[in-house]
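> Whole structure, please, built from the sequences with the hints as guidance.
Heads up: the sequence lines are chains A and B, in that order. Position 77, counted from 1, in the first sequence is what my numbering calls 77; the numbers after and before it change by one each time, with no gaps. Position 98, counted from 1, in the second sequence is what my numbering calls 98; the numbers after and before it change by one each time, with no gaps.
Treat each hint with caution, since some may be false.
[To be verified] Listed next, the in silico DSBU-like pairs over lysine-lysine satisfying Cα-Cα at most 35 angstroms (straight line): (1) A:Lys3 with B:Lys57; (2) B:Lys71 with A:Lys111; (3) A:Lys37 with B:Lys71; (4) A:Lys40 with B:Lys57; (5) B:Lys65 with A:Lys41; (6) A:Lys40 with A:Lys3.
These are computed hints drawn from the structure, not numbers from a lab.
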Amino acid sequence: EDKVVQSPLSLVVHEGDTVTLNCSYEVTNFRSLLWYKQEKKAPTFLFMLTSSGIEKKSGRLSSILDKKELFSILNITATQTGDSAVYLCAVEPGYNFNKFYFGSGTKLNVKP
Amino acid sequence: EAQVTQNPRYLITVTGKKLTVTCSQNMNHEYMSWYRQDPGLGLRQIYYSMNVEVTDKGDVPEGYKVSRKEKRNFPLILESPSPNQTSLYFCAIGASGSGEQYFGPGTRLTVT
Numbered sequence: 001e002d003k004v005v006q007s008p009l010s011l012v013v014h015e016g017d018t019v020t021l022n023c024s025y026e027v028t029n030f031r032s033l034l035w036y037k038q039e040k041k042a043p044t045f046l047f048m049l050t051s052s053g054i055e056k057k058s059g060r061l062s063s064i065l066d067k068k069e070l071f072s073i074l075n076i077t078a079t080q081t082g083d084s085a086v087y088l089c090a091v092e093p094g095y096n097f098n099k100f101y102f103g104s105g106t107k108l109n110v111k112p
Numbered sequence: 001e002a003q004v005t006q007n008p009r010y011l012i013t014v015t016g017k018k019l020t021v022t023c024s025q026n027m028n029h030e031y032m033s034w035y036r037q038d039p040g041l042g043l044r045q046i047y048y049s050m051n052v053e054v055t056d057k058g059d060v061p062e063g064y065k066v067s068r069k070e071k072r073n074f075p076l077i078l079e080s081p082s083p084n085q086t087s088l089y090f091c092a093i094g095a096s097g098s099g100e101q102y103f104g105p106g107t108r109l110t111v112t
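In structure tokens form, the structure reads like this:
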């Protein structure tokens, strides 16, 4: 059964801290892994990682994919209160493009 | 800018009363999908569509129907809603094969 597990479920840090969010997965014939940020509204896309793109960076956010160990991490450095959100990880299997399995998310709270 | 419109945004209804949640896009994307989001369960895919007249089941299709008669619209139909379909529903769109999705603002449905 295809599944995605995120950890921790929630996290409280202070501004300026660095955080690491984890996403482990089991999927048949992996195609891609995606990270989304969800504030009090719709999820917004952050990164997509594939076999040909296992590391992505955008400003203070970065992500890596370990296809051998079947996990990904999302790093946020110098956190700000605006980073407070639920971070979602999703996996797309290669046997069925555009079918996605999401984890339950990590709720990040950044305190001033 | 990708725009996904959902209507209604909020709906309270009673068990068994048929309802439709509409989803419309302005990006001419082939891919459209419906998700439900429940506390602790993350996003779960209900149905998705790769193009007009092409739809497929996601992870939790039971109790739902969809149709894709036009490229820009992808309505979600609940023929006989039940309380366990109380949830937050998101419509998403994307370019075929890209993996990246744009989500609509969500529809909060309560079935009593």
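> Against this structure, judge whether each hint is valid.
Comparing the hints with the structure gives:
1. This hinted pair checks out: A:Lys3 and B:Lys57 have alpha carbons roughly 17 angstroms apart, not beyond 35 angstroms.
2. Distance restraint check for B:Lys71 and A:Lys111: the Cα-Cα separation of roughly 44 angstroms exceeds the 35 angstroms cut-off, and the hinted pair is therefore not satisfied.
3. With a CA separation close to 27 angstroms, the supplied pair A:Lys37 and B:Lys71 stays within the 35 angstroms bound.
4. A threshold of 35 angstroms between alpha carbons decides the hint, and for A:Lys40 with B:Lys57 the separation of about 28 angstroms falls inside it, so the pair holds.
5. Only pairs whose Cα atoms come within 35 angstroms are accepted, and B:Lys65 paired with A:Lys41 is accepted, the gap being roughly 25 angstroms.
6. This hinted pair checks out: A:Lys40 and A:Lys3 have alpha carbons roughly 25 angstroms apart, not beyond 35 angstroms.
Against the hints set out earlier in the document, a violation occurs for number 2 only.
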